[in-house]
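Participant: Now for the letters of each chain:
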Amino acid sequence: MNHSRSRRNPTREPDFPTAKPPSPGGSSGGGAGAAMRLIVPLQGVVQGRGGLILGSVIPGALYYFFQLYLKRCRSAKPNSNPPSPSSSSAQLADLSRSSSRSNLSSRGSVGPVRVSARANSIAKPNASPYYIGLERASEDPYDRFDNPDGIMQLGLSENRLSLDLIETWILENLERSMIGGADGNLNISGIATYQPLDGMMEMKISVEHLLSLLTLQHDLAIEAEVLSNLLVEGDSAVVMYWAVAGFMSQVMGTTVSFDPSRLVLTSGATPAIETLCFCLADQGNAFLVPTPYYPGDMKWRTGVELIPVHCRSSDNFALSVTALDQAFNQARKRGQRVRGILISNPSNPIGNMLNKETLYSLLDFAREKNIHIISDEIFAGSTYGSEEFVSMAEILGSEDFDKDRVHIIYGLSKDLSLPGFRVGVIYSFNTSVLAAAKKLARFSSVSAPTQRILISMLSDTRFIQRYIETTRERIQKMYVAFAAGLKQLGIECTKSSAGLYCWADMSGLIRPYNEKGELELWDKLLKIGKINVTPGSACHCIEPGWFRCCFTMLAEEDIPVVIKRIQRVVET
Amino acid sequence: MTRSRPSEPDEDSGPTTTGGGGGRGRTEMRVIVPLQGVVQGRGGLVLGSVIPCALFYLLQLYFKRHRSEPTPPPQKLTEVSELNRSLSRTHLPARGSSAPACVSTRANSIVKSSDSPFYVGLKRVSEDPYDELSNPEGVIQLGLAENKLSLDLARDWLAENAKDWILSGGGSSGPLSMGGIANYQASDGLVELKVAVAGFMSQVMERSISFNPSQIVLTAGAAPAIEILSFCLADTGNAFLVPTPYYPSFDRDLKWRTGVEIIPVPCRSADNFNLSISALDLAFDQGKKRGLKVRGIVISNPSNPVGNLLNRETIYSLVDFAREKNIHIISNEIFAGSTHGSEEFVSMAEIIDSEDLDRDRVHIVYGLSKDLCLPRFKVGVIYSSNENVLAAAKKLSRFSSISAPTQCLVISMLSDIRFIQKFIQTNRERLQRMYTKFVAGLKQLGIECMRSSGGFYCWADMRGLIRSYSEKGELELWNKLLNIAKINVTPGSSCHCIEPGWFRCCFTTLTEKDIPVVMERIRKVSETCISPR
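For the record, the sequence lines run as chains A and B.
Read in UniProt numbering, the first sequence has 330 at position 330, and its numbers run on one by one without any break.
Read in UniProt numbering, the second sequence has 232 at position 232, and its numbers run on one by one without any break.
Calculated directly from the structure, the hints in this document are not laboratory data.
Here the structure is a predicted model, which means the values were calculated and not measured.
Heads up, a few of these hints could be off.
In silico SDA-like links for lysine to any residue, alpha-carbon gap of 20 Å or less [unchecked claim]: (1) Lys395(B) / Arg136(A); (2) Lys299(A) / Thr105(B); (3) Lys395(B) / Ala435(A); (4) Lys395(B) / Ala127(A); (5) Lys394(B) / Ala435(A); (6) Lys124(A) / Ala391(B); (7) Lys394(B) / Phe65(A); (8) Lys395(B) / Phe65(A); (9) Lys394(B) / Val561(A); (10) Lys395(B) / Trp300(A); (11) Lys395(B) / Arg118(A); (12) Lys288(B) / Arg114(A); (13) Lys437(B) / Glu512(B); (14) Lys299(A) / Arg398(B); (15) Lys395(B) / Glu305(A); (16) Lys293(B) / Ile132(A); (17) Lys289(B) / Phe65(A); (18) Lys299(A) / Lys395(B); (19) Lys299(A) / Glu512(B); (20) Lys395(B) / Leu156(A); (21) Lys394(B) / Ala127(A); (22) Lys293(B) / Glu139(A); (23) Lys480(B) / Arg114(A); (24) Lys299(A) / Lys289(B); (25) Lys395(B) / Glu556(A); (26) Lys112(B) / Ala435(A).
For the chain A half of the interface with chain B, some residues (derived, Cβ under 8 Å), not all of them [unchecked claim]: (27) Val115; (28) Ala117; (29) Arg118; (30) Ile122; (31) Val256; (32) Pro271; (33) Asp282; (34) Asp404; (35) Phe421; (36) Phe429; (37) Ser432; (38) Leu440; (39) Arg442; (40) Ile468.
Cβ coordinates follow ideal geometry from the N, Cα and C atoms, glycine included.
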């Protein structure tokens, strides 16, 4: 309130002195006596040595604070009439509206209550072909016997090749994992209560058991600390962390060990990325994202912008640091603050991997610009080519990089074919990010029964090993068969060595060589060919005519059907 | 932007103290030619201040619009300093030490948000939990909202049925079949689970209200349900009215990521902590005066921590108030099935059910953690009939969805109607018995509790035990209770209670034979507190 009073001074000054002519010289001495009373504080300043500078700086500063105040509070009370007539009149309108409303006869016609602006923008139906295709395919799904004319789903990234393995395991082990150990004691309190107090002992034993299974050398001292954190924060049980960390080491190569205390579990990879966006960037900040990229919805709640960094087919869609640099500078010119780079490695949709050299230059770039790197490594276990996958964690483990700026996303949905389980992982070296993410985990926590199942599944190392191997073999076989089928139709795919997709070049099939032509072909594929693929434009690819085909949704005998259907479209 | 300004006054602040000498002004004339004329002319002070004011104003406007401005020096300054830094960095011997990457300001504020006694106490208990046999000197937990009274029932059910559940999972049609459990589904929950939850809710609320499954969005717990509603109903900088004392975690759920403000609406012991519309009105007007746009009221019914229920009259006047101000109501009814008094529980769902126009502004939050003793299952519910809210919440649920195995397990649990019925009934009886005993125990120590008919808490009046009638005195007592008596209760200040000396004691984590232990411990502290008076 004091503020507002002092703020009034500068705004009213204009009125008073003009009413009083005897201030002729302005800067010279005593004649200004009449005006002096009104503007004493500044008068001295202006006539003194400060002169014009302070005379303009002080009202300027006051004005500045006034603006700040307005911005914070939005309401301009009647005392601040001159600068913001619009807001005060809006206020008046509001007032009169609400009072007239109370006069209405109790429950009657009232204007509909509004939701927030962000909810409105989220609620709008999604026009992206990615979602339209998914919806169409789910309405009329292909089935070899029941619905042979249905739509074949190549748009969803799901791996069904090894479902049988998981299914067998669950059938054999579920009872044990849910109900408890060999002693037959039911351990429901671990599942049901916030604090598995009576489960503590069992958990410790479990950890040691896991350790011996995974042959990881971790410092057990971490455990107590993590434990207390976890119990208070209410996210997941410690054992789960150890199990997931062990699994990640197994998937990403034995040289990398993951520290369970640096993990945060979330209900899926999507919330993991969103949480990181919250932690690394403020509203209006931006991330650089190499295109083509997986269509996500990170912007919704975080208010973070994604700046596409275009990769081209001439480079095999490999990421170049010069392109990053260019995008960074352009963003800066626009006044946008870039807070990080968001990469997927192995890349989705293309399926190529970043080699060590690129990773190093990425890290150099990030250090030079002082920005973060989010590395989405959700396909780390779904590699099948001869190329070697290098995790960011491996590079950071081997050298003394500034680790604080690197954050890894992982999830069990792809590599373990368990999307319905919804388990995502944030792995970060930055203590602030970890602290914030752990607190934010209350908004997307993994439920206890699921953790139970996963703990026992992940600690069955023999099964996991066999599973990873078999899955890799099966993906490779499918990839080869699918790419060969497309090749027969004259459709080339980029070389891919990971992930569940073929990134197919159908630019020869589109008539106008632009996005419109691409979407026309997509539409034909969906309506005539009855297959749902993801057009490159949905992945923000800069070149038209590329399509993402997920082949892991198919059985091997489906491939000829798909190829035939594409052929039908190709011929028209 | 602000960097340049402080420097200017600094340069001039020395000379100003010497006072007005006309001769010196002339030496500076060259520097400030453009305005000099104006000031010395007829415009004098007026224009001399109006022009820079206007310039500053426009500059601010411009900043606000574009954020980047090539001309103003302040922006340049930061850019230059950044450039320098990055340049020096490249000169460093390849991979070396450099400036740490900073995290976002919102992450910083979340990290730094000091833990209230509520969280401090929880942590203490987790480090040294009481156990009758193995750790009789440990801290007794009365701070966590958890119900262990009927855990045995849930346990028995799972023991009996988990086997069937697993076996039925084998078939391709079973709930656990791989098609159901492992695949991507709608993130807002399986339809079967929505139907089951809707049935459970109407059973719990004991009225003829039927919940429409298509108006349900399921989330991974009640906390994300509240957060999603906060996102959907208010924008950054808007505010909700929340009657105090309120559930300590509202501060996290409503505010943290959404940027929404909470305006507390104080309720007082003189009114039995009942909500009054005039207090709401007052808070609304004050919020408006502060320039906050109020978008809704958030209430807990049965209230947490006090445990009283809103009667039908209050509910209708609340709705009237919301209509008058054209704002939303979020009703957190997570304790709806944990009522234990004779009072009747009235759900806001009645409004959604009956009224035509106001149904769009009422949103209900529910969850299975309290009423079904399954907190770690993490099943939260948003119930609304506002289509926009539903559409947005469904999309946002992808950030906090329930995993498939849990959904399947809960479906089969909720579909066992006989079990559920028995469970609710037994649970209520046990709650009531514990409540009566706990209150009687406190009364013997001279501590009165608010009359409560829902929830897991006693809202105990320990005003007589605090030395200075202030928040400080309250925290002193809380500290004594935690460290001397070794019981963890939640002080009223963590619930933003306006009157000091009230404490929330959760009695459902205890067994009946723990009550004498707790009372004995409190007595020890209360004696030391009363004696000096």
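Participant: Minimum Cβ distance from Ile468(A) to chain B below 8 Å?
Facilitator: violated, 17 Å
Participant: Quick check on Leu440(A) please, does its C-beta sit within 8 Å of some C-beta on chain B?
Facilitator: Constraint on Leu440(A) satisfied, holds at 7 Å.
Participant: With a cut-off of 8 Å on the beta carbons, see whether Asp282(A) makes it to chain B.
Facilitator: holds, 5 Å
Participant: Does the nearest C-beta of chain B fall within a distance shorter than 8 Å of the C-beta of Ile122(A)?
Facilitator: Interface hint status for Ile122(A): holds (4 Å vs cutoff 8 Å).
Participant: Taken at face value, is the distance from the CA of Ala391(B) to the CA of Lys124(A) at most 20 Å?
Facilitator: Since the Cα atoms of Lys124(A) and Ala391(B) sit roughly 8 Å apart, the hinted pair holds (cutoff 20 Å).
Participant: Does Phe65(A) lie within 20 Å of Lys394(B) when you go C-alpha to C-alpha?
Facilitator: With a Cα-Cα distance of about 41 Å, the restraint between Lys394(B) and Phe65(A) is violated, given a limit of 20 Å.
Participant: Report holds or violated for the interface hint on Asp404(A), using the least CB-CB distance to chain B and a cut-off of 8 Å.
Facilitator: holds, 5 Å
Participant: Is the hinted pair Lys437(B) and Glu512(B) satisfied, with a Cα-Cα distance of at most 20 Å?
Facilitator: holds, 8 Å
Participant: Does Arg118(A) sit within 20 Å of Lys395(B), going by the straight-line distance between their CA atoms?
Facilitator: Holds: Lys395(B) and Arg118(A) sit about 12 Å apart, inside 20 Å.
Participant: Val115(A) was flagged as interface toward chain B. Is the shortest Cβ-Cβ separation under 8 Å?
Facilitator: Since the shortest Cβ distance to chain B is 5 Å, the answer is holds.
Participant: Holds or violated: Ala117(A) as interface residue toward chain B, Cβ cutoff 8 Å?
Facilitator: holds, 5 Å
Participant: Tell me if the straight-line CA distance from Lys394(B) to Ala127(A) falls inside 20 Å.
Facilitator: holds, 16 Å
Comparing the model with each earlier hint shows violations of hints 3, 5, 7, 8, 9, 16, 19, 22, 23, 24, 25, 31, 36, 40; every other hint is respected.
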